[in-house]
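Which chain is which? The protein sequence lines are A and B, in order. Each position in the first sequence, counted from 1, maps to that position plus 94 in the working numbering. Each position in the second sequence, counted from 1, maps to that position plus 94 in the working numbering.
Don't take every hint at face value.
[Claimed, not checked] Quick look at which bits of chain A chain B covers, simulated, 3 or more residues with Cβ under 8 Å: (1) 102-109; (2) 121-134; (3) 168-178; (4) 182-196; (5) 222-230.
Everything labelled a hint here was simulated from the structure, so no lab data went into it. Note that CB positions come from ideal geometry on N, CA and C, so glycine has one too.
There are 2 protein chains.
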Amino acid sequence: VEDELTSKVVRAQVEQVNRRFYEAFETLDPDAMEECWGHGDGVACVHPGSPWVRGHEAVMASWRTIMANTGFIEVQVEVVDVLVEDPVAWVVCNERITAAGAGASETAAAEVTATNVYLLGSAGWRLVLHHASPVMRGALGG
Amino acid sequence: VEDELTSKVVRAQVEQVNRRFYEAFETLDPDAMEECWGHGDGVACVHPGSPWVRGHEAVMASWRTIMANTGFIEVQVEVVDVLVEDPVAWVVCNERITAAGAGASETAAAEVTATNVYLLGSAGWRLVLHHASPVMRGALGG
Chain A
95 VEDELTSKVV RAQVEQVNRR FYEAFETLDP DAMEECWGHG DGVACVHPGS
145 PWVRGHEAVM ASWRTIMANT GFIEVQVEVV DVLVEDPVAW VVCNERITAA
195 GAGASETAAA EVTATNVYLL GSAGWRLVLH HASPVMRGAL GG
Chain B
95 VEDELTSKVV RAQVEQVNRR FYEAFETLDP DAMEECWGHG DGVACVHPGS
145 PWVRGHEAVM ASWRTIMANT GFIEVQVEVV DVLVEDPVAW VVCNERITAA
195 GAGASETAAA EVTATNVYLL GSAGWRLVLH HASPVMRGAL GG
């Protein structure tokens, strides 16, 4: 029972930092975004349709660029699964994104699958990998 | 020094199972593919442009479908990074795929980013998550 409780508490911690990550994105707040991420060269990120961005500095720069080019964004997050294997946790998500470019009035919608890998360190759970990709119709292979 | 050696041995194990995974794909061998994967409901897979497939059975079925519809496939794998945090390891890859459909003579090429998450169990390192996504030009956001 104690193990089950611990496991529930840990999952709740992971889900909380996962929510914070999407809140940082929705509020277009680069400082809050940086708070969510781990440090070091092992940090890696794929934005939908883009190649790997690697290392804390480059990943943060990619988010600042995205945020600077975004006027409005809403991300409806469906947490599909949370897996915890201390000191690593990964969250399997669907993102339904509605967004408008900076200065634009029309919004566009996109369906995205995301893998978020968190590592437990002295500062708590921190993102070390975010892999987001577009869902297209009729795709298969690879 | 002993820790460094252990770490090198573990990385080599993870890279080996990662190679086996791509060999299973290239040889279109569903049994070899199944050998690479962990069991249970937590197993999850995104094929390029597709939504999440979840659970061992559904993931294996998705690979069987892909393999049945593929006449030829070559995957040039660039291992970008291997991260190990026992009992979890994740491999950050680029895949350059050349493939032809079953019965087709023309091949198509694709550039794909992949996250492969492995979990160490009694049978060794097994894939628990594969997230592959197409690299498109001029993409950003999410």
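Going down the list of hints, with the structure as the test:
1. Counting residues of the segment 102-109 of chain A whose C-beta lies closer than 8 Å to any C-beta of chain B gives 0; at least three are required, and the coverage claim is violated.
2. Closer than 8 Å: that is the beta-carbon criterion, and the segment 121-134 of chain A has 0 residues meeting it against chain B, so the requirement of 3 is violated.
3. Only when three residues or more bring their CB closer than 8 Å to a CB of chain B does the claim for the segment 168-178 of chain A stand; here the count is 4, and the claim holds.
4. Counting residues of the segment 182-196 of chain A whose beta carbon lies closer than 8 Å to any beta carbon of chain B gives 7, which meets the minimum of three for the stated coverage.
5. Interface restraint, the segment 222-230 of chain A with chain B: holds (8 residues with C-beta to C-beta distance below 8 Å; minimum three).
The structure shown violates the earlier hints numbered 1 and 2.
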